[in-house]
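Given next are the chains, with one letter for each unit.
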Amino acid sequence: MSREFQKRFDVLVVGGGPAGIAAAVHAAEHTARVGMVDDNLAPGGQIWRGGSEGKLPEARSWLERFERAGVTTFSATRVFDQPEAGTLLAEQEGKTLELRYEKLILATGARERFLAFPGWTLPNVMGAGGLQAMVKSGLPILGKHVVVAGTGPLLLAVAAYLRKHGAEVHLVCEQASWGRLAAFALGLVRSPGKIGQAWQLNKDLLGIRFAANSWPVAAHGSEKLESVTVSRSGRLQTIPCDYLACGFHLVPNAELAALIGCGIRDGYVSVDENQQTTVTGVYCAGEPTGIGGIEASLVEGQIAGLSAVGRASDAKQFFRERQKTRQFAVRMERAFQLREELKTLPDAETVVCRCEDVRYARLQPHGTWRAAKLHTRCGMGPCQGRVCGPATEFLFGWNPESVRPPIFPSRVESLATMSSDSQ
Amino acid sequence: MPSEISVRVNGVEVSVPQGATVAVAITIAGSACRRSVSGEPRGPLCGMGICFECRAVINGRSHCRSCQIPCEPGMDVKTDE
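From first to last, the protein sequence lines stand for chains A and B. Under our numbering, the letters of the first sequence match residues 177 to 599, in that order. Under our numbering, the letters of the second sequence match residues 1242 to 1322, in that order.
No lab work stands behind these hints, which were simulated from the structure alone. All values reported here derive from a predicted model rather than from experimental measurement. There could be a bad hint or two in this list.
[Stated by the list, open to error] DSSO-like cross-link-like pairs, simulated, lysine-lysine; straight-line CA separation at most 30 Å:
id: 1; chain 1: A; residue 1: K320; chain 2: A; residue 2: K231
id: 2; chain 1: B; residue 1: K1319; chain 2: A; residue 2: K400
id: 3; chain 1: A; residue 1: K271; chain 2: B; residue 2: K1319
id: 4; chain 1: A; residue 1: K400; chain 2: A; residue 2: K519
id: 5; chain 1: B; residue 1: K1319; chain 2: A; residue 2: K320
id: 6; chain 1: A; residue 1: K400; chain 2: A; residue 2: K320
id: 7; chain 1: A; residue 1: K340; chain 2: A; residue 2: K400
id: 8; chain 1: A; residue 1: K320; chain 2: A; residue 2: K340
id: 9; chain 1: A; residue 1: K231; chain 2: A; residue 2: K500
Can you build the whole structure from these sequences, using the hints too?
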């Protein structure tokens, strides 16, 4: 089976969020053949998703620079394998693309961490970022009743966004304690840019009830969500709602880095001062190196882009700023660390692996992720453990094992192009 | 006001804003996207193409991640595959 399309790049960027855009823009200023592969319909990633409506000047300016940079962009395209060093295979609308590179920049972003609790599989229980993405993709939210829950700064951003678009946001439940939140808020003094953001958020959040020490314990409904029970500082409260937007901070998308053989530590891709991974010529920027938010992504993207085209000395100007964003990432991780009580949320019948409907009680007897996979099919469905992996890591302390291609479900034809190459 | 387009979800006409994804059309229609292996109704979770919970049959093609596919006029969407 032949690959239907081949192209060669000096620098290939995987991921079209802020880190990927910043990297591609800087690389394209110094070399002609820069390509970008992105799973989404348009560049911008999750944070800059969905048209120009309401975009901050910073987003507009980066997206305009990107447009002018002349980067060959493959949207709605998903990388699924690297059959040999310097070649990625990707799938776009049923076609297999073979993309060759001299230098590779991984800017694969992060996804939400989901935790299992009774009823969390009901339709209209979504991620916090998940519901926001749906609204950005056209879901009408005007007058809808919403509860936001989980942990992390995304909860407030999502609550503010939803309210601005007319949702009735009844409550934001944050599992972190007031003490940790206060320490985190004080730390913002060290990040002046964040204070502006926090102030803007504050105005948008006026009147929304916020509860620390609080988390969802059960979602109720038959065919879809009807209400949610939350624990607010130990007191149970049931709130009728149309949507529950629930996410527990973010986890890095490190699957492609792992497949390529990049060193990974505590789930994050290891990089040197030039954002180069342990594989020579492969760089990584943004959330996969540590959950640091948009400033970290932009600064690391710029460093990676310059380093990949041999301009490491120009990249040094960004090192100080990167140091600050890294400190912010560490403070964020500390503030929003998951509390032990959340491990008791699933009951025996709660589905943990949504692809294969593996329930909590079936997972319990197993000692490792591998054993659970072999005996229960946990993590063997189409999401390949991207949802249940981080959940079982928290629940049972399991570590995901090595990644194998294809890293996303692919057409049989695409798989054929993989095997023809390796033989 | 953004203009609206019309698609069919399980045979019923649904109006969605221009540019809306198929997952949005299914949610507006009040349908689940799919049934899980033990028959539970499921809908979009991550909204960004990672979780595969929003799979639906679009113009006869099954297992489409409906949150990553924009609606087109006259599109035929079937759920509960």
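Structure versus earlier hints, numbers of those that do not hold, lowest first: none
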